[in-house]
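*Asks:* Sequence:
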Amino acid sequence: MSLRNVSRQIKNMHFGMTLIANKDDGFVACAPLWSQECGTSLYSIGMCTSLDKDFRLMENLAPTAQRCSTYMDIVIVLDGSNSIYPWYEVQNFLSNILSKFFIDPEQIQVGVLQYSEVAVHEWTLKDYKTAEEVIEAAQNISRQEGLETRTASAIHKACTEAFSPERGGREGATKLMIVLTDGESHDGEELKDALEECEERNVTRYAIAVLGHYIRRKKDPNSFINEIKYIASDPDEKYFFNVTDEAALNDIVDSLGDRIFSLEGTREYNSFELEMSQVGFSTHLLEDGILFGMVGAYDWDGAVLKEGRSGRVIPPREAFAREFPRKLNNHAAYLGYAVSSIRLRSGRRLYLASAPRFQHKGKVILFEMDGDGDVSISQALTGDQIGSYFGSEVCPVDVNGDGITDILLVAAPMYLGPQNKEIGCVYLYRVGQSLLTFNGTLLPDPKPQDARFGYAMLAVPDLNHDSFNDVVVGAPLEDNHQGAVYLYHGYRTTVLPRFKQRIESAALRLGLHYFGRSLDGQIDMDGDGLVDLAVGAQDAAVVLRSRRIVQINASISVNPPSINVIQKNCQRNGKESLCVTANFCFSVSSRSLGPRDSHLSIRYNVSLDDRKFGTRAVFDSSSQKLLQKRTRATVGRTACSTARFHVIDTSDYLRPVTITMKFALSETELPGPVLDEKLPTTVKKLIPFFKDCGEDDECVTDLVLQAEMDISGSRQTPHIIRKGKRKMVIDVLLENKKENAYNTTLQIWFSRNLHFSSLGLKGENPVKIECSVSSAQTRVCRVGYPVFRSSAKVAFALEFEFSCSSLLNKVQVKLTASSDSSELNQTLTDNTAQPTAFVSYEPDLFLTSESTLNRYEVHPVGTFPSDMSPEFRTSIKIQNLACYAVSNLSLRMAFPATGYQGREFLWVTRILADNVTCSLPNRTEFGSANSVIPLHPEELVHTDRVNCTNAGCQVVTCQLQRLERSSEVTIHLLRAVRNEFFRKAKFKTVKIISSITLNVQEEDNLFLLPKAAHQRQVVLEIIQSKLVPLSLWILIGSILGGLLLLTVVILFLWKVGFFIHKKPGEDEKEE
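Numbering-wise (the numbering used here), the sequence shown opens with residue 1 and increments by one.
Bear in mind the hints are in silico, worked out from the structure with no lab data behind them. This one's a predicted model, so the numbers in the text were calculated from it and none came from an experiment. Note that beta-carbon positions come from the ideal geometry of N, C-alpha and C, so glycine has one too. One or more hints might be untrue.
[Stated by the list, open to error] Computed Cβ-Cβ distance ranges for the label pairs, DEER-style:
1) Asp610 / Asn888: 50 to 60 Å
2) Ser622 / Pro448: 45 to 55 Å
3) Arg782 / Glu667: 40 to 50 Å
4) Leu510 / Gly257: 54 to 64 Å
5) Arg637 / Ala664: 11 to 21 Å
6) Arg637 / Pro671: 20 to 30 Å
7) Lys447 / Ser714: 53 to 63 Å
8) Asp24 / Gly311: 11 to 21 Å
9) Lys447 / Leu510: 21 to 31 Å
10) Asp528 / Glu273: 45 to 55 Å
11) Gly387 / Glu59: 35 to 45 Å
[Said to hold, decoys possible] Listed next, the in silico DSSO-like pairs over lysine-lysine satisfying Cα-Cα at most 30 Å (straight line):
12) Lys762 / Lys810
13) Lys725 / Lys877
14) Lys768 / Lys738
15) Lys662 / Lys625
16) Lys768 / Lys814
17) Lys447 / Lys500
18) Lys361 / Lys327
19) Lys238 / Lys129
20) Lys727 / Lys793
21) Lys684 / Lys500
22) Lys814 / Lys725
23) Lys629 / Lys684
24) Lys814 / Lys738
25) Lys810 / Lys727
26) Lys877 / Lys723
27) Lys229 / Lys218
28) Lys737 / Lys768
29) Lys126 / Lys238
30) Lys768 / Lys625
31) Lys500 / Lys678
32) Lys568 / Lys684
33) Lys793 / Lys738
34) Lys793 / Lys814
35) Lys723 / Lys762
36) Lys447 / Lys421
37) Lys192 / Lys229
38) Lys793 / Lys762
39) Lys738 / Lys762
40) Lys768 / Lys568
All chains should be built: construct the whole structure from the sequences, respecting the hints.
*Replies:* Below, the structure written as structure tokens:
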């Protein structure tokens, strides 16, 4: 298919990019990149064409098309007399000047009239359509020859005949005449009339005087030049040329071409108006015409155009200046990217136009426009994310079909979501009396992926037959560019934000890509009376058939209405049993059913009781709990079928027997109707058992619950939880003092510091108890299910373990008994028991100490460089052997340090510890804090122990914020002994005893540490050294003995020849 009345085919004009149905059962197809060639420029003005229902072209619409400034008819009046020589130079001039012209039916047409004595049309304006044809004709033109030069007659003939419509002259085209001659005219007296005729016909004249004939004959050319200037239009400096000879004609080709096109040719555009408007990029059908978007108008700021019965309306650029001020340098806002219209509840009609690139966020304006192009902007909607292309698609929706627009959908398909994926976004605006209000967004598939949700949107007639129109949205990049479309249902005056159906390209198995890039849903393609949906993809279009919706109301009735296990009414498998007949009925209706869809096949499954319960009844035909059947139904009628089942002996005769029926339409080869999703497809019927509760058939019970803990504790004297005793038992007694209690349950709740361990019955008791987990801190137990009989009792024990992860200062258990039977309010108080006890925890902490020095001997003066001994290490280790962490531990260590008058004898020099905060008082703090009267060194002879009662102690305190279970922490203390203190004392041995105490700082007494288990002593024994006297005679005897031993050794060595040395040469003589 091609555009009608267009002289040439243009590639890549995107014909059919926009399609819109008109009111005559036809449609309008647009080519927004259809271009108009003017000189060397190509203007994409766009064009649309109207087609009827048989695809016949009716008319073209190019509302912004303009006449090119090169729209000219040029006639060359050529002197062909004998004096023109050489002729080939004239042919070359014609070829060169014609190659400068833009020969085209829409631009320049050229005709040639040659004259001498008689003027002859070599070719007319309409003869040749291309530059190649005209140049070829110029190269083949032959000289007419003649003795006279009748220039006036040729000019008159050219003005009156050459520009006539019969010879190709066009209305509105600029008329130019180029006269080339080499001599004065022989009919000069007629020249005035000929030129006046040209003036009346608005023919502009260029005149070229060739002086070769005059120069060759050495004549004066002034008279000739004046005549040629008279022929040329004024002023002469623009329209008059003269050359020395025929060969010099080619020297003026460029100059002549420049003068023609500077005067009559294309103008240079510093700012585009409508030349690049791209009409038809978007279109919208109005009641009185068509609204076009022109994204390329006004330097791609964009504009709109209305083509209607009352004429053409093009608002000026300033009409939208309020929302698109030029001072912002909108940089290609693309106004008109999408166009539409809405009708407000007040009855006003507003036009819509979007500019998705406005300030990079996008804008949609709503405005009114009169027949003069005056615009009144009512509201502007703006995007909220840069680059989202907000407004690239707009979709007004009349949900309830009352002619008033209810919802406006605005798409931003490049909206970035999680993980910087182009998920797209569709904004929903509610239409009010005069303004639009934001009302949320449509929700697509939540998976983060490139989707471009909203790339195409379409309001479609009611698809689910609920009397409300629906919406379809395309997401062509979903599923790795395979694409998908979403269906959203309308409801009242809005669109439900959650999609009802997602149709993915991958499910169609057609190998499509970009499925959902375009949508249409206004035509019934298969003739079933339902609108079908056409979805565009890359190189393909898919038609999705709409299916009718039927409503099925199902019901179940039974006979007898209740089950009496005492009165049997049938025999099955040789035993008396209770039989029940069930009737299943289906009533079918539809709001839009066609004749071929009036008969339906329904398949249904019937089950007795839930699968999680045991078998209490089976169908006669299969001896199973399940039954599968089919039935035929007709629209407008009710179809029923019957099935029989019998009850098997069971102890569960309180819970009714449940009949569940699930139904669906049978699948056929051709897609048929579907069920209305708003109606249920499952029906249940409960058949109760007959109760043995007296004449009133109502059971009134009285449950009495008692519970007692095996531990007790108050806030002042809590129960202590020790290692190896981490369990608690509650003895429970439950009694029913009145009529049967059906479905009796015992709910057990316990605090977070307890773990449920077990439930054990006491003695031989026929009442069974079954417990299930309701939550982490709750158990639900069924007592004597299904009936806890009258006057029955049950005693049992609940065992709990104390938690290691949650520590609380109180344990609580709440027991509540209830049943399906009735119970009077005054007896409900004893249905609940809540035993409670306060507790404390005794952490299993192990405290040990180890020292590298346990005994020290006092050294004499000069043994060490200073008076202080080398440092020795005392290590204190704290291990948490409990199953829980212990916080706020405090370790206090008291080390005897000073004696009489504050004289130091043992001092802590350094503390090494990780993740522990320790405080060591300095000497000033120690002296002021110590109030004990220490002992004198001389008193050590009467004292065998030194501790904090008779010496000044150095106290070190360490804070342990949290000690995790099965972990330990070690504190190293470096100490040194002062020898001077002990040298002055007379004693044999003394023990210095240090004390270590571990405490817990807890305000609520959560932890309790016994003293015996968390105190240690570190003992250092000090020994006084003894000086032994040395005798003088022993010293002298030792010296003499040593000298005598040395003499004996020397004599022995001399005897054996150790001291004899041989003279030189004696060894050779011996040899």
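*Asks:* Each hint needs a verdict: does it hold in this structure or not?
*Replies:* Here is what the structure says about each hint:
In this structure the supplied range 50 to 60 Å holds for Asp610 paired with Asn888, their Cβ-Cβ distance being about 53 Å. Distance hint check: the CB atoms of Ser622 and Pro448 are about 49 Å apart, consistent with the given range 45 to 55 Å. Under the hint 40 to 50 Å, the C-beta atoms of Arg782 and Glu667, about 43 Å apart, fit the expected range. Checked against the given bound of 54 to 64 Å, the beta carbons of Leu510 and Gly257, roughly 58 Å apart, stay inside it.
For the pair Arg637 and Ala664, the beta carbons lie near 19 Å from each other, so the given range of 11 to 21 Å is met. For the hinted restraint 20 to 30 Å between Arg637 and Pro671, the CB-CB distance of approximately 23 Å keeps it satisfied. Between Lys447 and Ser714 the beta carbons are some 59 Å apart, a value that agrees with the proposed interval 53 to 63 Å. Between Asp24 and Gly311 the beta carbon distance is about 20 Å. The supplied range of 11 to 21 Å therefore holds.
Take Lys447 and Leu510: their Cβ atoms lie about 22 Å apart, and the range 21 to 31 Å holds. Checking the proposed 45 to 55 Å range against Asp528 and Glu273 shows it holds: the Cβ atoms sit about 50 Å from each other. With their beta carbons about 40 Å apart, Gly387 and Glu59 fall inside the hinted range of 35 to 45 Å. Taken as a hint, the Lys762 and Lys810 pair is honoured in the structure, with Cα atoms around 27 Å apart against an allowance of 30 Å.
Pair hint Lys725 plus Lys877 holds up; C-alpha atoms about 26 Å apart against a cutoff of 30 Å. Simply put, Lys768 and Lys738 have alpha-carbon atoms about 19 Å apart, close enough for the 30 Å limit, and the pair holds. Between the alpha carbons of Lys662 and Lys625 the distance comes to roughly 14 Å, so the proposed pair stays at or under 30 Å and holds. Our distance criterion of 30 Å between C-alpha atoms is met by Lys768 and Lys814, whose separation comes to about 21 Å.
With a C-alpha separation of about 17 Å, the suggested pairing of Lys447 with Lys500 holds against the 30 Å cut-off. Note on Lys361 and Lys327: the hinted pairing holds, with a Cα-Cα distance of about 18 Å set against a maximum of 30 Å. A hinted pair counts as satisfied when its Cα atoms are at most 30 Å apart, and Lys238 with Lys129 qualifies at roughly 28 Å. Using a Cα cut-off of 30 Å, the hinted pair Lys727 and Lys793 holds, with the two alpha carbons roughly 26 Å apart.
For a cut-off of 30 Å, the pair hint linking Lys684 to Lys500 stands: about 26 Å separates their Cα positions. Simply put, Lys814 and Lys725 have alpha-carbon atoms about 22 Å apart, close enough for the 30 Å limit, and the pair holds. Between Lys629 and Lys684 the CA atoms are separated by roughly 17 Å; this keeps the pair inside 30 Å, and the hint holds. Between Lys814 and Lys738 the CA atoms are separated by roughly 24 Å; this keeps the pair inside 30 Å, and the hint holds.
For the suggested pair Lys810 and Lys727, the alpha carbons sit about 14 Å apart, so the restraint of at most 30 Å is met. In summary, the hint linking Lys877 to Lys723 is supported, as the alpha carbons are separated by about 20 Å, within the 30 Å threshold. Simply put, Lys229 and Lys218 have alpha-carbon atoms about 21 Å apart, close enough for the 30 Å limit, and the pair holds. For the given pair, Lys737 sits about 18 Å from Lys768 by alpha-carbon distance, which is consistent with the 30 Å threshold.
As the CA atoms of Lys126 and Lys238 are separated by approximately 28 Å, the hinted pair is consistent with the 30 Å bound. For the given pair, Lys768 sits about 27 Å from Lys625 by alpha-carbon distance, which is consistent with the 30 Å threshold. For the given pair, Lys500 sits about 11 Å from Lys678 by alpha-carbon distance, which is consistent with the 30 Å threshold. Straight-line distance between C-alpha atoms of Lys568 and Lys684 comes to about 25 Å, which keeps the hinted pair within the 30 Å bound.
The straight-line distance between the Cα atoms of Lys793 and Lys738 is roughly 12 Å, inside the 30 Å bound, and the hint therefore holds. Of the pairs offered as hints, the one joining Lys793 and Lys814 holds, with about 20 Å between alpha carbons and a cut-off of 30 Å not exceeded. Between Lys723 and Lys762 the CA atoms are separated by roughly 28 Å; this keeps the pair inside 30 Å, and the hint holds. Restraint check: the Cα-Cα separation between Lys447 and Lys421 comes to about 10 Å, which is no more than 30 Å; the hinted pair holds.
Restraint check for Lys192 and Lys229: the C-alpha separation of about 13 Å stays at or below 30 Å, so the hint holds. With a C-alpha separation of about 11 Å, the suggested pairing of Lys793 with Lys762 holds against the 30 Å cut-off. At roughly 23 Å between alpha-carbon atoms, Lys738 and Lys762 fall within 30 Å of each other, so this suggested pair holds. For the proposed pair Lys768 and Lys568, the alpha carbon gap of about 28 Å is at most 30 Å, so the pair holds.
In summary, the structure agrees with every hint in the numbered list given earlier.
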